[in-house]
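Heads up: the protein sequence lines correspond to chains A and B, in order.
Okay, so the first sequence: first residue is 171 according to the numbering used here, each after it adds one.
Okay, so the second sequence: first residue is 171 according to the numbering used here, each after it adds one.
Keep in mind the hints are simulated off the structure, nothing from the lab.
From a predicted model like this one, the values you see are computed outputs, not experimental measurements.
Here a beta-carbon is modelled for each residue, glycine too, at the ideal position from N, C-alpha and C.
One thing to keep in mind: the hints can contain errors.
Calculated cross-link-like contacts (lysine-lysine; reagent style DSS-like; alpha-carbon spacing at most 30 Å) [stated by the list, open to error]:
(1) 179/B to 173/A
(2) 179/B to 346/A
(3) 173/A to 346/B
(4) 346/A to 207/A
(5) 179/A to 179/B
(6) 302/B to 302/A
(7) 302/B to 173/A
(8) 179/A to 307/B
Simulated coverage check for chain A against chain B, where a stretch passes if three residues somewhere in it have a Cβ under 8 Å from a Cβ of chain B [what the hints assert, rightly or not]:
(9) 171 to 177
(10) 206 to 215
2 protein chains.
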Amino acid sequence: MIKRSEWEKRHQHRAKVLWFTGLSGAGKSTLAAAAEKILFDRGVRCVVLDGDQLRSGINRGLGFSDEDRQENLRRASEIAALFLNVGFVVLVAMISPSAEARSQIRQRFAADEYAEVYIQCPVEVCEQRDPKGLYQKARAGLIAQFTGIDSAYEPPVSAELTIDTQSQSEEESIDKLVDYILRHV
Amino acid sequence: MIKRSEWEKRHQHRAKVLWFTGLSGAGKSTLAAAAEKILFDRGVRCVVLDGDQLRSGINRGLGFSDEDRQENLRRASEIAALFLNVGFVVLVAMISPSAEARSQIRQRFAADEYAEVYIQCPVEVCEQRDPKGLYQKARAGLIAQFTGIDSAYEPPVSAELTIDTQSQSEEESIDKLVDYILRHV
Numbered sequence: 171m172i173k174r175s176e177w178e179k180r181h182q183h184r185a186k187v188l189w190f191t192g193l194s195g196a197g198k199s200t201l202a203a204a205a206e207k208i209l210f211d212r213g214v215r216c217v218v219l220d221g222d223q224l225r226s227g228i229n230r231g232l233g234f235s236d237e238d239r240q241e242n243l244r245r246a247s248e249i250a251a252l253f254l255n256v257g258f259v260v261l262v263a264m265i266s267p268s269a270e271a272r273s274q275i276r277q278r279f280a281a282d283e284y285a286e287v288y289i290q291c292p293v294e295v296c297e298q299r300d301p302k303g304l305y306q307k308a309r310a311g312l313i314a315q316f317t318g319i320d321s322a323y324e325p326p327v328s329a330e331l332t333i334d335t336q337s338q339s340e341e342e343s344i345d346k347l348v349d350y351i352l353r354h355v
Numbered sequence: 171m172i173k174r175s176e177w178e179k180r181h182q183h184r185a186k187v188l189w190f191t192g193l194s195g196a197g198k199s200t201l202a203a204a205a206e207k208i209l210f211d212r213g214v215r216c217v218v219l220d221g222d223q224l225r226s227g228i229n230r231g232l233g234f235s236d237e238d239r240q241e242n243l244r245r246a247s248e249i250a251a252l253f254l255n256v257g258f259v260v261l262v263a264m265i266s267p268s269a270e271a272r273s274q275i276r277q278r279f280a281a282d283e284y285a286e287v288y289i290q291c292p293v294e295v296c297e298q299r300d301p302k303g304l305y306q307k308a309r310a311g312l313i314a315q316f317t318g319i320d321s322a323y324e325p326p327v328s329a330e331l332t333i334d335t336q337s338q339s340e341e342e343s344i345d346k347l348v349d350y351i352l353r354h355v
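For reference, chain A alone in the conformation it holds in the complex (with noise of 0.2 Å):
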């Protein structure tokens, strides 16, 4: 197999999981793409592991108890980590609520290859955004255990770098993620 080392000395840049968490409708999703598109331009391989796009793909019949939450990031994390392997950036956007669920994803990978990117948001702030109308959804009692209504999120307290997209700007947002990959790849 070629090595990690390998493939990073063709890409002139070091691989590393960065994995997002938040509550929908924080920016997770948003700000993943548009780092994507501009490091991409920048000559970094980079993918976007997306929780939406994953649960209509590899983990499809996943539902949202605490098992299946677990096994659905069970399985982002070991496809972050094949792609780490080819020396990807990969930006993993997921809702990942548990404390214990992150410390265990964290675990799976060394420390200098993870870095943890808390998407801070009022729970207010991301109902009234509410870009694809879950928290409707949800009050009106049409999807169980929804994150943030009647499904916990334990926010990060150790993480690599968080940012407020209640205060800040999208523009600010993406500045400062980018300023942060690129300082770390």
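Position chain B relative to chain A; hints supplied.
Using the frame of chain A, we list chain B on its own:
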């Protein structure tokens, strides 16, 4: 999201999934690894998804029942699709014994992004090679549902490429494989 065509332009080659099927010991992993090395040296972005490797990671917990085998292949095909999306040549090395399951995998992809590679070798020869000692274990009753022993292998009838590892040397097999890939990516 960055489009595959943008990645292909950057990599200066096309993306493709090559799905290797054949008995245990036929040479799938060996040929895939050898091709990966040569392709890497030629600047082709290439990744191997090896069945055994996936079973120790994302497919951990899956067994060898028909249902688990199918899920095993389904997940591999979804991961292959993720790598395809970032412009990679993906070499998937899995026994894939069922014609019906292979047909489903093929349908997951567009015609020009997928090729089936049959690594052909009689079971008697594979059993003689027995690189992992698995045939011996299967004969001793320590492994159940082992393909070629007590579980059927249905040979492909429409593989895009067939490599006969009984009559050809390893070097000839690698040459034929790499030549095919380079002509199709």
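(request) May I ask which of the numbered hints given earlier this structure violates, with the numbers listed in increasing order? (result) 6 and 8
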